[in-house]
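Please construct the entire structure, taking both the sequences and the accompanying hints into account.
Taken in sequence, the protein lines are chains A and B.
With the first letter of the first sequence counted as 1, position 6 gets the number 5 in numbering that gives the first Met the number 0; the numbers rise by one all the way through.
With the first letter of the second sequence counted as 1, position 529 gets the number 528 in numbering that gives the first Met the number 0; the numbers rise by one all the way through.
Just so you know, these hints were derived from the structure itself, not from any lab.
Any given hint could be a false lead.
Claimed, not checked - SDA-like, lysine to any residue: derived pairs with alpha carbons at most 20 Å apart:
#1 A:K241 to A:T197
#2 A:K87 to B:Q390
#3 A:K254 to B:T793
#4 B:K457 to A:D212
#5 A:K227 to B:D410
#6 A:K252 to B:V618
#7 B:K340 to A:P35
#8 A:K229 to B:Y778
#9 B:K47 to B:Y920
#10 A:K284 to B:H550
#11 A:K312 to B:S207
#12 A:K227 to B:T409
#13 A:K87 to A:T46
#14 A:K312 to B:E54
#15 A:K252 to A:R306
#16 A:K229 to B:Y411
#17 B:K657 to B:L713
#18 A:K241 to A:L323
#19 B:K554 to B:L713
#20 A:K227 to B:F797
#21 B:K721 to B:K809
#22 B:K457 to B:K471
#23 A:K112 to B:Q390
#24 B:K100 to B:E54
#25 A:K284 to B:R524
#26 B:K954 to A:S233
#27 B:K954 to A:S163
#28 A:K252 to B:K47
#29 B:K257 to B:T349
#30 A:K252 to B:A531
#31 A:K104 to B:L384
#32 A:K31 to B:T409
#33 A:K252 to B:F978
#34 A:K254 to B:T409
#35 B:K809 to B:V758
#36 A:K252 to B:F521
#37 B:K47 to B:N91
As the list claims (entries may be wrong) - Below, a sample of chain A positions facing chain B; criterion: calculated Cβ distance under 8 Å:
#38 E33
#39 Y38
#40 N105
Treat the numbers as computed from the prediction; the structure is a model and nothing was measured.
A virtual CB, placed ideally from N, CA and C, is assigned to each residue, including glycine.
Below are the chains, spelled out letter by letter.
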Amino acid sequence: MRKFFIPLLSVSLLLMMGLSSCQEWEPVFTLKYEDPAAYSQVAKTPTITIAELKEMYIENGSKPLEILGNYVIGGQVITSDESGNLYKEIYIQDETGAIDLKIGKNSLYSDYKLGQWLYVDCNGLTIGSYSGMPQLGIEDETGEYETAYIEAQYIIDEHIFRGSIAPLPDILEVTEEDINDAIAKGGFRSNLWGKLVTIKGLKYGAPSSYRTDAFKRIFALIYIDPNKDKKAQSNRIFLSDKTYGVNTWAMTKTKFLEYLGAGNFDSATTGDDRPLDADIMASLKFNAAAVTLSHYFSLGVTPVQIRTSGYAKFADTPIDPVILGDPDSESADGASIDVTGILSIYSGAAQFTLIDLNGVVINKK
Amino acid sequence: MLKKLLFSALAIILPLSVLLAQGVPTGGVKGTVISRTDRTPISGAEIKILQRATEVASTTTLSDGTFTIEGLSDGMYDLVVLSAGYLETRVNATVNDGYVKQLFNITMTQVVSEVTEELMEEFDMDDSGYNDNPTVLFGQNDVFNSIAGYNFSSVRFRARGYTSESQDVYLAGVKMNDAITGYSPFSLWSGLNEATRSKTTVNGAEVSDFGLGGYNGLTNITGTASAVRNGLRGSVLTNSSLYRLRLMLTYASGRNDKGWAYAVSASARLGGNDWIDGVYYRSFGLYGSVEKSWGDDKHNIALTFLTTPGNRGAQNASTQEVYDLIGDNMYNSNWGYQGGKVRNSRVRITNEPIAFIKYDYTPSFNFKASATVLYRFGKNGYTALDWYDAQDPRPDYYRNLPSYFWMENTDYNRRNMFKYAAAKEAWTHPNLYEDLVHLNWDRLYDVNRNSLDEDGLKRAKYILEERHVDQKDLNFALNFKWRAADSFILTGGARAKMNKTEYYKIVNDLLGADYYLNIDSFAEREYASSEAKIQNDLEYYLRHGQTPVLHQGDKFGYDYYAQVRNMALWLNGHFAIGSFSADLGGELGYENFWRDGLVKKGLFPGLKSDGSDFIIDGVNLSRDSDGNLLPTSFGRSEVCKFLTYKAKLNLNYVIGGKMRVYANVGTFADAPNFNMAFLSPRTRNSIVNGLTTIKTNSVDVNWQYTGNGFNARLTGYYTTIKDQTDIMSAYDDLQNAFSNFALSGIDEQHMGVEFGFRVPTFIPSLSLQGVVSYGRYIYTSNPTMVQTLDNTATPVEFNGATSVVIPYWKDSPVYERDENGNITDRVKYTQVHYIPSTPQLATSIGLNYNYNYWFIDADFEYFDKAYLDMNPLYRTDYATQGPDLVATPTEIEYMTTQEKFDPAMLVNFSVGKSWYIQRQYQLGFSLNVKNLLNNKNVKTGGYEQTRMVDSTVGKERYYRFDPKYFYMSGLNYMLNVYFRF
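And the structure:
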């Protein structure tokens with residue numbers, strides 16, 4: 000028996016080793032996987048410009064338009080959602096203008112790099128306006144908005160193609176006159192909106208204008224209970240008549256609770272002018288969420304709101320006191336700043352979105 | 000011949016030489032050979048008498064199974080019994096004073112087990128998020144267990160509804176249940192079937208020789224060289240539901256004349272399967288054991304080493320929506336193609352060797368004792384994708400499914416048909432859109448490749464992490480059995496366990512990137528402004544001024560020890576008077592455990608080594624905003640201590656030699672398991688409130704009949720289990736954090752009947768067999784729940800309270816409908832909630848043919864009363880009330896109902912045959928075909944997702960997320976060919 004045993008054992012062990020190393024037991028492969036090849040960059044030829052696309056909206060009677068046919072735009076990515084200040088959107092820009100591309104995914108900067116050429120096959124997409132700002136998305140079947148997010152990956156893959164990564168386009172420097180000119184033209188006729196721009200000489204605080212009835216520094220809308228009617232004034236708190244000691248770009252949930260706990264909002268009132276009683280305070284605490292904040296700056300006499308999301312990584316970063324100046328004075332007395340980011344239009348006013356805090360430079364007083 | 004025998008006897012056994020002078024030997028042996036399963040006599044069995052491995056006499060049994068061999072001189076002999084269709088049996092016999100020794104019944108085990116035991120492997124097959132161990136302790140000598148163990152495995156039947164933790168599994172006298180989870184540890188030796196085949200099993204609350212046991216049986220695997228069947232055995236197995244191929248080779252020497260025995264075994268399990276893509280095995284098994292006895296077999300020592308290193312790809316549950324879209328209930332979302340090859344993201348990578356030394360001392364026939372030292376060690380890793388500030392890569396993530404875009408119910412506010420159609424297009428054409436319906440590895444690599452930092456290095460957005468649970472488990476066990484008198488046997492023992500288990504993660508694969516950072520990305524969402532707070536290793540960060548940069552193989556995330564110590568003493572007295580016998584036993588034990596954190600996490604750093612607070616950049620990390628000290632991630636937690644006990648009484652009455660009536664009563668206080676004791680062990684030392692021992696009372700009454708080829712057992716049982724705790728962890732992407740639900744005070748009741756029979760039919764060798772298990776396993780309490788988040792020490796508040804009773808856990812109301820079919824507020828009846836994930840009704844009826852090495856078995860099965868595992872969140876007032884804080888009958892009924900699975904019918908068939916060649920070699924095969932009806936709609940388990948749809952339009956109610964299910968494979972086969980020398 001022994002004479003069988005040793006050879007048999009050896010043969011079997013060899014067989015086992017042999018079989019286990021040739022892992023072709025389809026369909027599973029279990030050895031070292033090769034790194035996949037890089038995705039192939041698509042180079043499409045745009046058939047229309049972004050300006051021409053926006054023109055189609057106007058020609059449609061300034062109503063949302065589902066684009067049908069061979070319409071391909073091409074533009075460079077000029078925003079990143081890495082800091083979290085932009086969410087589910089990227090702006091692309093070509094020679095003729097820029098547009099807000101609504102893609103319903105988070106962390107878009109992983110797939111769409113700053114400066115990268117994107118080609119959008121607009122066939123089946125919808126162009127619409129969000130309070131005056133042109134957006135490219137898909138049809139919102141509920142009719143609540145003019146466009147909905149391009150969301151199912153299948154739709155993204157069918158319409159958005161990634162090209163080569165190139166340096167960012169030259170950043171346009173805009174003046175007060177440019178902004179007022181663009182406001183006059185509106186969201187779809189001016190090529191300024193949505194572009195990556197630098198605005199020089201902004202000062203904190205904006206005097207009353209056709210948009211505001213008094214000297215403004217901040218604006219925030221907080222819902223007492225977000226599960227209840229958001230339109231009811233009794234469920235709203237506006238922080239806009241003074242700063243309430245808020246000195247951060249926005250408020251994360253943690254920061255909001257910190258302000259609330261420190262009594263910053265004790266003197267605030269509801270939309271229907273009731274003081275914040277204990278019940279309201281309890282509800283605010285229970286339903287606490289990140290708060291998006293607009294800071295009013297002025298470019299000359301033109302107000303420019305810098306709007307920052309409560310989900311931005313820099314939301315809780317204090318604005319340099321040099322910029323803020325005296326919070327009680329009725330004048331923009333802080334240091335002026337130069338900002339770089341996305342200029343957009345919201346209900347006929349200029350709104351500015353920082354991509355990150357590198358977009359803020361303080362000028363020496 | 001006789002001279003030769005005498006000569007060798009003279010030469011070797013000197014003490015016997017005195018007897019030689021007395022002339023022709025008059026001694027001998029006699030006995031009856033019977034079948035182990037039905038106690039029928041076996042005629043024509045060949046009996047060989049060996050002395051020092053030399054055959055000295057032989058005979059065959061008569062028609063009544065009896066045999067007599069005479070003419071043996073005094074001495075020790077090995078008696079070998081061989082019979083067609085039965086396993087070889089060996090017994091020792093000592094002839095002294097020239098008498099013919101009466102050996103009484105020598106039992107033989109049928110070859111049937113060859114097929115059956117291979118099947119037990121299946122239990123260990125997939126890692127599907129919950130425990131996969133056999134839940135029927137396999138026992139060839141119990142008719143219920145042999146049929147149920149064989150036929151019910153594929154539907155995850157659990158005997159009497161008990162969990163695997165309640166089942167005691169011993170190896171060489173040492174309790175092997177996992178120190179952390181209590182799970183029975185079959186995976187440690189799966190693939191070494193031949194080496195671990197020898198085992199002893201008791202059922203229910205019966206008492207074993209190896210330990211007092213609990214209420215769900217005890218099995219002891221012998222594991223030593225002499226227990227492995229003699230000779231060389233090899234087998235090749237192929238199988239369509241687990242892995243393509245298993246090879247196994249085993250050699251056991253048997254005991255030689257110097258008292259040595261050794262055994263070795265090696266196996267390999269390789270390949271994928273026909274049913275679940277991505278599930279594969281690449282596992283090996285190694286076993287070696289040497290054993291030596293001396294001093295007339297009074298002393299025996301065995302040394303054994305075994306290990307089963309390997310990788311296994313795991314399966315994942317998905318929602319019915321996904322299965323229906325793909326058109327396959329076996330869809331597995333864990334894998335995707337990389338370079339055209341299937342790659343699974345969830346792979347279990349294990350190498351956990353066991354080594355033990357066992358010493359047996361048998362000074363006399365009336366006393367035996369053994370001592371074992373056993374050490375389990377090695378590594379156990381489980382890979383998973385981890386990502387930082389990137390999209391969820393799982394293909395079946397709910398936001399990728401059609402239902403996320405459009406739902407009939409307008410409350411969901413999912414109204415976009417265009418997106419719905421697009422998502423559906425992809426999911427219904429999996430061959431065209433492989434990268435959308437499976438994991439898209441190519442994209443993960445691409446994202447990493449393009450994630451360049453300021454230095455041009457690639458910071459990983461996606462990695463494959465490997466979560467480790469590495470045990471160091473040292474055990475001591477002492478057992479003795481003392482036959483003090485014919486009517487009294489005392490058994491007892493002591494055991495102790497020291498377990499140190501390290502939990503940590505390593506980077507398994509950077510997926511093309513250069514590095515990863517050791518930060519808590521969940522904490523970062525909430526505390527982005529405090530860099531210190533998001534550190535997983537705060538001390539490194541403070542020392543080096545930067546976050547640890549991770550490369551392949553580096554530890555990250557969390558790192559802590561679970562420290563468990565336990566010991567127990569047990570004693571059992573067996574009394575026998577005539578046909579009546581009784582056992583009375585008890586066990587006293589002590590267990591303690593604690594967590595020992597090895598890193599200081601930024602969220603919960605505790606205090607500095609000098610006792611002061613961690614204040615970094617003006618933020619006090621050690622305290623909350625009210626100045627209270629936060630729980631700590633570092634150092635030793637409070638020690639949880641438990642005094643445990645067991646007491647058992649067993650009464651047994653034998654009627655006429657064939658019928659037995661017996662009853663068992665037991666009461667138990669067991670320590671909770673470590674994994675149910677800490678709120679969030681990944682992040683801190685916080686312990687569940689109200690942690691206490693689990694109290695179980697159990698009684699069973701049994702009737703058993705064995706004889707004339709008939710074999711039957713009927714059992715009724717009743718068990719209550721109280722004060723259990725449970726921790727469920729789920730990633731909550733609304734809170735963007737890991738959420739832990741701690742339940743305490745869970746009570747259960749298990750009652751039911753078991754019946755198994757095998758009876759001969761009018762056709763010889765054909766028997767009719769069947770089992771019925773009908774139970775009612777229910778929850779009997781409404782437990783208390785505390786929800787915590789990994790990010791914060793403050794428990795989540797539900798309508799203002801942090802600790803809430805779950806009012807709809809044990810039952811839920813069903814409301815009357817009015818004449819129009821609308822729900823009213825009148826309660827029609829209250830529906831109890833059941834223990835999930837096992838059919839509470841399981842039946843089987845079949846035919847078994849067993850003749851001349853042929854084995855054929857065909858069975859029909861019916862299962863019903865299986866229920867889905869519940870999540871506690873849906874049974875709270877918070878969930879039924881919804882955002883408007885008003886609980887309507889519609890909401891209560893919708894939210895709290897427990898899902899019942901559809902009944903299932905299955906047909907299984909097996910055939911086997913073996914041949915003896917020249918009486919020395921054996922060649923055989925077995926073919927097992929399961930689920931002949933190819934039923935692909937049998938749910939075997941699943942779970943409710945612990946989250947709700949709260950972004951509804953009306954804001955009046957919440958909706959559930961779809962549950963996830965596991966399904967049984969369709970028709971599958973296993974073919975085993977084996978040989979033996």
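For this session: Please work out if A:K252 and B:K47 have their alpha carbons no farther apart than 20 Å.
Result: 84 Å, violated
For this session: Given the hint that A:K254 pairs with B:T793, test it: the Cα-Cα distance must not exceed 20 Å.
Result: 17 Å, holds
Problem set entry | Evaluation of the interface hint that places A:Y38 against chain B, nearest CB under 8 Å | 5 Å, holds
Exercise. Are the Cα positions of B:K100 and B:E54 separated by 20 Å at most?
Worked result: Given that 20 Å is the threshold and the Cα spacing comes to 18 Å, the pair holds.
For this session: Please verify that hint: A:E33, Cβ, nearest Cβ of chain B, below 8 Å or not.
Result: 5 Å, holds
Exercise. Given the proposed pairing of B:K657 with B:L713, does the C-alpha separation stay at or below 20 Å?
Worked result: Roughly 14 Å between the alpha carbons, so the hint for B:K657 and B:L713 holds.
Problem set entry | Hinted pair A:K87 and A:T46, Cα distance within 20 Å | 26 Å, violated
Problem set entry | Holds or violated: A:K227 to B:D410, with C-alpha atoms at most 20 Å apart | 15 Å, holds
Problem set entry | Proposed proximity, B:Q390 with A:K112 (alpha carbon, max 20 Å) | 15 Å, holds
Problem set entry | Distance restraint between A:K31 and B:T409, which requires alpha-carbon spacing of 20 Å or less | With a Cα-Cα distance of about 49 Å, the restraint between A:K31 and B:T409 is violated, given a limit of 20 Å.
For this session: Take the C-alpha atoms of A:K254 and B:T409, compute the straight-line distance between them, and say whether it is at most 20 Å.
Result: 35 Å, violated
Exercise. Does the alpha-carbon distance linking A:K284 and B:R524 stay inside the 20 Å limit?
Worked result: 19 Å, holds
Checked against the numbered hints given earlier, the structure breaks hints 1, 4, 8, 10, 11, 13, 14, 19, 22, 27, 28, 29, 32, 33, 34, 35 and satisfies all the rest.
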